[in-house]
Structure formats: structure tokens, C-alpha cells
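*Asks:* Following the hints, put chain B in place on chain A, whose structure we already have.
There are 2 protein chains.
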Amino acid sequence: MAAWGERLAGVRGVLLDISGVLYDSGEGGGKVIAGSVEAVARLKRSGLKVRFCTNESQKSRRLLVGELRHLGFDVSESEVTAPPPATCRILKERGLRPHLLVHDDVRSEFDEIDTSNPNCVVIADAGEGFSYQNMNEAFQVLMGLENPVLMSLGMGRYYKVTSGLMLDVGGYTKALEYACGIQAEVVGKPSPEFFKSALWEMGVEARQAIMIGDDIVGDVGGAQRCGMRALQVRTGKFRPSDEHHPEVKADGHVDNLAEAVDLLLQHADK
Amino acid sequence: MAAWGERLAGVRGVLLDISGVLYDSGEGGGKVIAGSVEAVARLKRSGLKVRFCTNESQKSRRLLVGELRHLGFDVSESEVTAPPPATCRILKERGLRPHLLVHDDVRSEFDEIDTSNPNCVVIADAGEGFSYQNMNEAFQVLMGLENPVLMSLGMGRYYKVTSGLMLDVGGYTKALEYACGIQAEVVGKPSPEFFKSALWEMGVEARQAIMIGDDIVGDVGGAQRCGMRALQVRTGKFRPSDEHHPEVKADGHVDNLAEAVDLLLQHADK
Numbered sequence: 001m002a003a004w005g006e007r008l009a010g011v012r013g014v015l016l017d018i019s020g021v022l023y024d025s026g027e028g029g030g031k032v033i034a035g036s037v038e039a040v041a042r043l044k045r046s047g048l049k050v051r052f053c054t055n056e057s058q059k060s061r062r063l064l065v066g067e068l069r070h071l072g073f074d075v076s077e078s079e080v081t082a083p084p085p086a087t088c089r090i091l092k093e094r095g096l097r098p099h100l101l102v103h104d105d106v107r108s109e110f111d112e113i114d115t116s117n118p119n120c121v122v123i124a125d126a127g128e129g130f131s132y133q134n135m136n137e138a139f140q141v142l143m144g145l146e147n148p149v150l151m152s153l154g155m156g157r158y159y160k161v162t163s164g165l166m167l168d169v170g171g172y173t174k175a176l177e178y179a180c181g182i183q184a185e186v187v188g189k190p191s192p193e194f195f196k197s198a199l200w201e202m203g204v205e206a207r208q209a210i211m212i213g214d215d216i217v218g219d220v221g222g223a224q225r226c227g228m229r230a231l232q233v234r235t236g237k238f239r240p241s242d243e244h245h246p247e248v249k250a251d252g253h254v255d256n257l258a259e260a261v262d263l264l265l266q267h268a269d270k
Numbered sequence: 001m002a003a004w005g006e007r008l009a010g011v012r013g014v015l016l017d018i019s020g021v022l023y024d025s026g027e028g029g030g031k032v033i034a035g036s037v038e039a040v041a042r043l044k045r046s047g048l049k050v051r052f053c054t055n056e057s058q059k060s061r062r063l064l065v066g067e068l069r070h071l072g073f074d075v076s077e078s079e080v081t082a083p084p085p086a087t088c089r090i091l092k093e094r095g096l097r098p099h100l101l102v103h104d105d106v107r108s109e110f111d112e113i114d115t116s117n118p119n120c121v122v123i124a125d126a127g128e129g130f131s132y133q134n135m136n137e138a139f140q141v142l143m144g145l146e147n148p149v150l151m152s153l154g155m156g157r158y159y160k161v162t163s164g165l166m167l168d169v170g171g172y173t174k175a176l177e178y179a180c181g182i183q184a185e186v187v188g189k190p191s192p193e194f195f196k197s198a199l200w201e202m203g204v205e206a207r208q209a210i211m212i213g214d215d216i217v218g219d220v221g222g223a224q225r226c227g228m229r230a231l232q233v234r235t236g237k238f239r240p241s242d243e244h245h246p247e248v249k250a251d252g253h254v255d256n257l258a259e260a261v262d263l264l265l266q267h268a269d270k
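Same order as they appear, the protein sequences are chains A and B. Our numbering puts the first residue of the first sequence at 1, with every later residue one more than the last. Our numbering puts the first residue of the second sequence at 1, with every later residue one more than the last.
Chain A with its partners taken away, still in its complex shape (with noise of 0.2 Å):
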């Protein structure tokens, strides 16, 4: 593989993904990532653009920024890219009205849609929410549409807190879409609709921008098909099978955040 100085030539900007490279979630605000504190602020410091692109479908942004900042890390609202707003932006677009399985800590973002006589399924991080009952619910308001429209918040496969590995919201999507006959429409990573939201927020060009997940398949493979370069942390829910995927090749993996902003600090254009 090329010298770290050539893999980072060029880059001005830099998408972070936040759980299991900043933080590992889990009871109690979770648990900060060795070094990832220090990491963001020389990042932010740096002349390089930043911006946090998470698939978070569990709480609200300002939950979750303020999880953050309590850990000590420097990030505000607007710096967050997340499926919520992305999808409220689409329902209100086409006159969606959601049956909405969802967390409770996230039902806030959707407080400005209407959700009366549903048209659509949205689909989210529910957690402890996805109930038989609760997916059952879902499942009939699906079929009893004509056009059923199921959107889901993300396909994470799963997410590592500090207990464990947890199922994300993908499995649960992927049993709507059996028991349905239908596909999902994902908002989040690695749709590349989501990813380029971010780089216009920040921007910056895809060839400009560099990816840090813990995900090789939703953070890494999804901005590399986006035209982006990704480096995959070995922190989250990083396995050392990932290092030889079938499919995704990372532009190159780091032992966790502090190393790739070391990196990036010495390589990219600032």
C-alpha cells in the first residue's frame, strides 16, 4: 500500500463517524475512546474542515451532542449530520405522514410532522422498542398500503456499547422487507444521498474528504463509493476480519481516532 503521504494528499476535509470512534454508547453517556477528546479539538484546531456524520437514530441530536459534550468533547448541534432531520426534510417534500418505529428519546424530531392516517413507515434505532407488537404494528400499516413506502434510518448491522454488541436498525428493516415483499428507502450511511449532505455542509469535494469509521461496510465501502477516501479505526465495532473484507478495501486503518488525526495532521493539506 502507498506511503500514508501520498493516501492523504489532498485532503481538506474530514467526516467523523461518532459511535465506536469517538465514544462507545452505553448506560451512563457511555465511554469516552482513549485519546478521541484530544483528537477532535487538534483536529478542529487544525485548518482542516470537520464535520460529524453519524447514522444516531436512537436519540435526538441534542441528546446526543449533549452526551458528547459531557464527555468532554467539543461538537454542537450544527456540526451533526444525522438521519432524523434528513428524513423529516424528504416527509415534508412529499407528503408523507409516518407511522413512526422509532426510540422514544428521538420522537422530538418528528414533532413538526404530521402522523395522523400513516402513508409510510419510518424505521429507527428503537432499541428496546422493537417489540413483536411494535414490529407487528408496522408490518400491518405496511400492507394495508397500496404503495407501501418504508424508510429506514440507516442499515447498520450493529453497534458496539459498553456491554456489548447490540443489533442496529438494518436487521429490523430487512425483516420489514421480507415479511412485505418491498425494499426500503435508507436515509443515513451509506446511502450516498446522506453522505453527500454532509460533504455540501462542510464544503468540501468528495475527492477533498476523508471518511473515519469503525463500520467497513456502512462508513468505509459507503464514502468510497461516493468518491471520498476512508481509513477504518480499529476502536467500535472494528473486527480484525475486517481488515480482509471480501468487498470493502479501507484506504487504510488506524488503532483509533488519536492515530488517524496524527496522521492527518502530518499528511493532508491544511
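It is worth saying that the hints were derived from the structure and are not from the lab. Warning: the hint list may mix true and false statements.
It does not matter which identical chain is meant; a pair holds if it fits inside one copy or across any two.
[What the hints assert, rightly or not] List of simulated lysine to any residue pairs, SDA-like, C-alpha gap at most 25 Å:
id	residue 1	residue 2
1	Lys31	Met1
2	Lys160	His245
3	Lys44	Arg12
4	Lys160	Ala258
5	Lys31	Glu185
6	Lys249	Glu177
7	Lys160	Met143
8	Lys44	Glu79
9	Lys49	Gly129
10	Lys196	Asn117
11	Lys249	Pro148
12	Lys92	Cys120
13	Lys160	Pro148
Here the structure is a predicted model, which means the values were calculated and not measured.
*Replies:* Here is chain B on its own, set in the frame of chain A:
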């Protein structure tokens, strides 16, 4: 389409699906589909061989047969081909110790199976047992195995109970497949092995047998792929769009089991 006489010529054995064909399950033991008690009795009095081939995996055969007999059906446990006993045979043959994600009512079917220190997961229609916690436990067992084996008792998309349509095991299997990046082994319809067991138990060749079911993919498509003929009833989970399914074309549609039996008694070999 050819006349019924031609379509049913040479039929000597009849495979009957249970739920949606004989009755709709539900609160208080479910509800008979009109005419089906008499239809089963007439079929059994004729010279045709009859076997009940079901993907029911939420109840033990004992419970299921008890429910059916209570509703007036002439059926015994030995006439039923169902996934749980077939699964037990496979588990024993391969020395597999399952983590069971199953309904409490079917757990007794696995009484003789060692479930300590699991090296596979068996998933069946768990109904309300499909909580987030139970799904996550099964997921974590699979992720902890070097060669994860997931055995699914059927791949049903949904079934009908008296109160409406209900999610079946198929979607939940898809969820685990996606989250773990694996493929499940299916024990039940539409697995060819399962249909072949039922044929062997009945002692007829595939070309001499006809399946009667309400599931266009699992019953009709599965049986046809084994060389059998198959009729779809317009009861249970049948939906009008099934008559124009993009991939599966039934050998005939009948309003209900009673009509199917009328036709068989007129045209099949006895």
C-alpha cells in the same frame, strides 16, 4: 389452463397445510375455515393418502393436534410433518447444541436436546418472544461462534390469525442473517428436504402428490420445485395479487379446502 381432469390426473397423495387451510389460529384456539372439517374427513375416507405438512413452529405437535381435534378435525400427531422433530434429528446427527429462540409452547419438543454451551442458534416462530433482548441474545451467541450456524424453522413471511396478519419467523431470520453476515439453514417449507420427508412418510412419489396451501411462495412454489403439483386456497393469508405472482404460478386456485377436495374426489386417482 388445462381442465381440472388433466391437472389432477395421477394424484395419489395429498399434502395439506394446516394454518390458513384447515383453520385460522388465534385467541381461544382459532376458528375453523368453513367446510374444512368435512373436507378432511371425506379426503381420509377416499383412497387418497393424506399428510399434514405444516411450518407451525410456535406450538408442539401435541398442542397443535389437541387444538385441531378440539375443533373437530380427525388428525393424529403421527400424521403431521412439522419442523421441530425434523430439527431435533438434524441437531443430534451433527452434534449441535442449540441456543433456542423459540416459543415456550414448543420448548418441550427439544427436551431431549443438550442446550448447554451452545454452538448454534435455532430460531422458530417465537411470537411475543421476539423481544429485542431475546433477538440480541441470539445475535450475540452467533457473533461469538467461529462458524456460526443458524437453523430456522421455516421462512414464513406472515400468517393470518383471527385478528389479522402476524409476522412469522422468516423476517426475524433475515434480521439475524443480515446482522451476522450469514445464511440460515431452513428446516420446513419451502426446503426440499422437508417436503421430501413428508412424501417419504406418505409413501408416494413427488409426481403423484399435490400440495394444498395458502402460501404462494412457501407452499405452492416450494412443492412445485420438488416436482409436486400445488393448489392455492383463497383462505388464510391468500391475497388476490398472489394469482399474478411474478415467480410462482399455482396449478390451480380454489376458494377453500372444500372445493379442492371436491375436485380431487372427482378427478384424482383413488
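*Asks:* All hints, please: hold or fail.
*Replies:* Results of checking the hints against the structure:
1. When the C-alpha separation of Lys31 and Met1 is checked against a cutoff of 25 Å, the pair qualifies neither within a copy, at 33 Å, nor between copies, at 66 Å.
2. In this assembly of identical chains, Lys160 and His245 lie within 25 Å of each other by CA distance solely inside one copy; the values are 19 Å within and 41 Å between copies.
3. In this assembly of identical chains, the alpha carbons of Lys44 and Arg12 lie at most 25 Å apart only when taken from the same copy (12 Å versus 77 Å across copies).
4. Taking the shortest alpha-carbon separations for Lys160 and Ala258, only the intra-copy value of 19 Å comes in at or below 25 Å, while the best inter-copy value is 54 Å.
5. For a Cα distance limit of 25 Å, the shortest separation of Lys31 from Glu185 qualifies neither inside one copy, at 32 Å, nor across copies, at 38 Å.
6. Taking CA atoms no more than 25 Å apart as the test, Lys249 paired with Glu177 passes between copies only; the shortest distance there is 22 Å, against 28 Å inside one copy.
7. Taking the closest pair of Cα atoms, Lys160 and Met143 come within 25 Å of each other only across two copies (12 Å); inside a single copy the shortest separation is 33 Å, beyond that limit.
8. When the C-alpha separation of Lys44 and Glu79 is checked against a cutoff of 25 Å, the pair qualifies only within one copy, where the shortest distance is 11 Å, while the shortest distance between copies is 71 Å.
9. Proximity of Lys49 and Gly129 under a CA criterion of 25 Å is satisfied in neither setting, with 36 Å inside one chain copy and 47 Å between copies.
10. In the homo-oligomer, the alpha carbons of Lys196 and Asn117 never lie at most 25 Å apart, since the shortest distance is 32 Å inside one protomer and 46 Å across protomers.
11. In this homomeric assembly, Lys249 and Pro148 come within 25 Å of each other (Cα to Cα) only across copies, at 24 Å, whereas the closest approach inside a single copy is 35 Å.
12. Proximity of Lys92 to Cys120 under the C-alpha cut-off of 25 Å is restricted to the intra-copy arrangement: shortest distance 12 Å within a copy versus 45 Å between copies.
13. Within a single copy, Lys160 and Pro148 get their C-alpha atoms only as close as 32 Å, which misses the 25 Å cut-off; across copies the closest is 19 Å, which meets it.
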